[in-house]
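Just so it is clear: in the sequence shown, position 36 is 36 by the UniProt record's numbering, and no numbers are missing.
Hints listed in this document are in silico derivations from the structure and should not be mistaken for laboratory results.
Some hints here could point you the wrong way.
[Claimed, not checked] Once the Cα atoms are required to be at most 30 Å apart in a straight line, the calculated DSBU-like pairs of lysine-lysine come out as: (1) K50 x K37; (2) K37 x K86; (3) K86 x K120; (4) K120 x K37; (5) K120 x K104; (6) K86 x K104; (7) K37 x K104.
[Claimed, not checked] Distance ranges between label pairs, derived from CB positions: (8) H77 x R105: 38 to 46 Å; (9) A161 x H107: 16 to 24 Å; (10) A81 x V137: 32 to 40 Å; (11) G126 x L88: 20 to 28 Å; (12) R21 x A58: 25 to 33 Å.
Bear in mind the structure is a predicted one, so any value in this text is a computation, not a measurement.
Where a beta carbon is used, it is the ideal one built from N, C-alpha and C, also for glycine.
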Amino acid sequence: MTRLIGLAGWSGAGKTTLMTRLIPAMAARGLGVSTLKHAHHAFDIDRPGKDSYEHRAAGARQVLVASAHRWALMTEHRGAAEPPLKELLAQLAPVDLVIVEGFKRDHHPKIEVHRGANAKPWLHPGDPHIAAIASDVPPPGGDLPWAHLDEIDAITDLVLAHAMALGEFLGR
């Protein structure tokens, strides 16, 4: 059964760094992990001159590139709205755990990632979907479980304790 958890926080809080530390910790526990990352800007995983780029530039809606080592499917919106998180999650193959980075306004369980030096406000007082906190400073209120950003085993425990069934989130 695939389970779902998110990492949410302001830019510079350390979400990506935490993600790169959590994935091997989950693998060490025998879990397969997939990730879904939200980008707030245009991005490209291809480059001009490559055949797949030229296919997209010519107007292809989807381009699938495959090799003996990996495959990647690129989908162009072509003016359509950005797909919602549920639609994107439904595209992933079954795995033990999906960790979503970003999508902080969506209604899935999340671990708030907070760094005191950022001087940004906490998310959890205004988001009932934040289930736990990973921070370099103690959170205000003390009503949510938390672990220090350097305590990867403790954060891994929080992730596993608060992840929900993906099917439940998707309404299946």
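Results of checking the hints against the structure:
no., hint, verdict
1, K50 x K37, "holds, 24 Å"
2, K37 x K86, "holds, 13 Å"
3, K86 x K120, "holds, 28 Å"
4, K120 x K37, "holds, 21 Å"
5, K120 x K104, "holds, 15 Å"
6, K86 x K104, "holds, 13 Å"
7, K37 x K104, "holds, 11 Å"
8, H77 x R105: 38 to 46 Å, "violated, 19 Å"
9, A161 x H107: 16 to 24 Å, "holds, 19 Å"
10, A81 x V137: 32 to 40 Å, "holds, 38 Å"
11, G126 x L88: 20 to 28 Å, "holds, 24 Å"
12, R21 x A58: 25 to 33 Å, "violated, 40 Å"
Against the hints set out earlier in the document, violations occur for numbers 8 and 12.
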